[in-house]
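Undergrad: Listed here are the chains, written in short residue letters.
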Amino acid sequence: MDIQSYLDPFPLPAKRGILSDINKEKTEKSVQEAMKDPEAVASLLVKRLLDPGAEGNDIQVRHLLHTMAVRIPNYDRKVNGNKRVKFSLVLAKSLSGNYPDRVKAFVIRQLQICGGEEVIPAIGEFLIVDGIADDAAQALIAIGKVSAEQFRKALPEVKNNSILYRNVLHGLAELADDLSKESFLEALVNEDDDCRLLGLWGLTQIGDSSTLESFLKADQKEKGFSRIKAASYCLKFAEKIQKKDAAKIYRHLQKTRTLPEEKYLQQIAVSAL
Amino acid sequence: MKSNRRKFLKTSVASAASFQIVPRHVIGGQGHTPPSETYGAALIGCGGRGPGTYEGMVRDLPSKLVAACDVQKPRVDGYIKRKNPEAKAYNDFRKLLENPDVDLVAIATPPHWHALISIAAAEAGKDVLCEKPMTRFIAEGRAVCEAFERYKRIFQIGTFGRFGASRSSTSKTIHKIMRSGLLDPNPGVHIKKGGLKLHNWSGKPGLKPQIPSADLDWDFYCGPSPFKPYVQPRVGGTHRNYWDYEGGGMCDMGQHHFDPQQWIYGKDDTSPVTIEAFAPPSHPDVTGMWAWVELTYADGFTIVMDSKEWGPGYDRKESKQVSLSQLSEEDQDKIKAMPDSAPLLTFAEAVKQRKQAGGHPEAAHRAACILHLANLAIRLGRKLQYDPEKEQFVGDEEANRFVNVPMRSPWHL
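The listed protein sequences derive, respectively, from chains A and B.
Going by the working numbering, the letters in the first sequence line up with residues 1 to 273, in that order.
Going by the working numbering, the letters in the second sequence line up with residues 274 to 686, in that order.
Hints are computed from structural coordinates only; laboratory data are not their basis.
Take the hints with a grain of salt, since some may be wrong.
[Unchecked claim] Here are the simulated DSSO-like pairs of lysine-lysine, each with C-alpha atoms no more than 27 angstroms apart in a straight line:
#1 A:K15 x B:K466
#2 B:K477 x B:K466
#3 B:K368 x A:K145
#4 B:K466 x A:K217
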């Protein structure tokens, strides 16, 4: 298959370097043709992606591949098909190939748009890879709660790398993963400010009253902006749980936020009680 | 727990008249200026529009600059030197927000930071004037609304056209007709022709990565957005051309235009339900060309953006203003008997009175949603159905991935 004919209608930078010379009719026709065999086209397009610093350009390649990723779910909806899954699996498979990290990151970003359950394990592999883990995490979060298992699986492997650890904790918190309660509690005593806050946020997200005592104990230790942020988690936690437990949080704020500049928090706590 | 949108609005409106929580400035306290003296003001984002945004915030308020922040040190140092050499300089907004002398915060960073900094400022007990566009994606706006409701802080978006619109007798009449619900189906069609700067704010794809200057913390600049190789146009005014930070001329100019229209047409508490665009395939990184976007509200009222810079002109509907003559004589009398809505409060009035500002979070969020919905119809290449209560697309899970875009660790809503 020669995919150049699919790429030619996509524009290269015109005057001032922008894509102003784009023809809707021709590009739409090209996308329609490509969608007849999206697996084969995707496979060939990935091979033509370039590292951003490499010689040459892949502007048209990225444009077409992205358009297919954006539109393929709707093609399926129209004909009750399964092209999206097949297309996504081709992209996912390419992640095990010998491509530069920034190429893989681009492919992962396309899966963030169109991927489903079928690509979760392939993306999950990258949660332990420096420089690409955040792309993987955001794609998994977009796909949804079903991807939490990948974060749980990665957690023990990233404990000694603060950036990767923070990234994984963030994913678990964002997905409000009930099964990660212990991981969030463990993070409350981490030396890194962001990790402790992610622990507090994770517990806020799952809103389990049984963690309240540890949560409030950890809150008291925070200083500066972390203290401000921790108070916000207190309020959000209180909004999620039963009134009786929420009252414990409001009383805690009343008791601990006693600096002159914290009077607004006192007032919120008092008015909520 | 997500609040019901209508309930939330009712609560917000009710609370507007009864904000009880006063800022630290008014309370005074050890080491602080006593009540009714001077507000401590701060600017976050000192380049471009920053100084102008700051002046807009402190207009009619006794204030002094006590702090400023920018990820580029020379910019914040230069601003402080010009404005008040005694003010404190920061490169991290979180440190600035710890400063108890700060009561008011002007936010003029690129838009991918607007929501997070606005929320953090509210959490720190500050009032905020935030540059437009309010947000980078829809869920950010809802989170800002919830934060300012939770903390009873004042928020004003950095566009002021609605204040003039709310004083015009024609606009006031249209506003009453729209809010009355007497015109159903609504025949109104508002067409914005041109002015959304497609060519000015279209991006240049395929640039080769460069090394950022030593005074720019590139990682922090990217913040919640994807970390991408640095190229110069990603910083400065041209950040508008990247989906990672803004949304082209649509978002840059759109809030100026549609925020007042949204007030006139009484849509501060809702969003369009169908959105359709005529546009070519969109590039993954940079903003580009489109011809028109049509957005229709549940009552039939339609907003059209006709770019006039690319492709065919919009010809599906004619512009049609809402007027009293479209109502029966009996209904016209009802409208004439309706009192005018309360005057919109400026930021200064809102701060002093502890009441909601005219460009409050819900209104600013709904105006930003018009732009985000339009851009998503352009980017996704399909007609979209939107539920303004749930703030989700209907039957389109993949489109909803653009409503709440995951942020880079450790940032989150």
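Undergrad: Take the C-alpha atoms of B:K368 and A:K145, compute the straight-line distance between them, and say whether it is at most 27 angstroms.
TA: 33 angstroms, violated
Undergrad: Taking only the CA atoms, is the gap from A:K15 to B:K466 under or equal to 27 angstroms?
TA: Answer holds: A:K15 to B:K466 is near 24 angstroms, not above 27 angstroms.
Undergrad: Has the given pair, B:K466 with A:K217, been kept, meaning a C-alpha gap of at most 27 angstroms?
TA: At roughly 58 angstroms apart (the allowed maximum being 27 angstroms), A:K217 and B:K466 break the hint.
Undergrad: Mind checking the alpha carbons of B:K477 and B:K466 for me, to see if they're no more than 27 angstroms apart?
TA: 25 angstroms, holds
Of the numbered hints given earlier, the model fails hints 3 and 4; all others are met.
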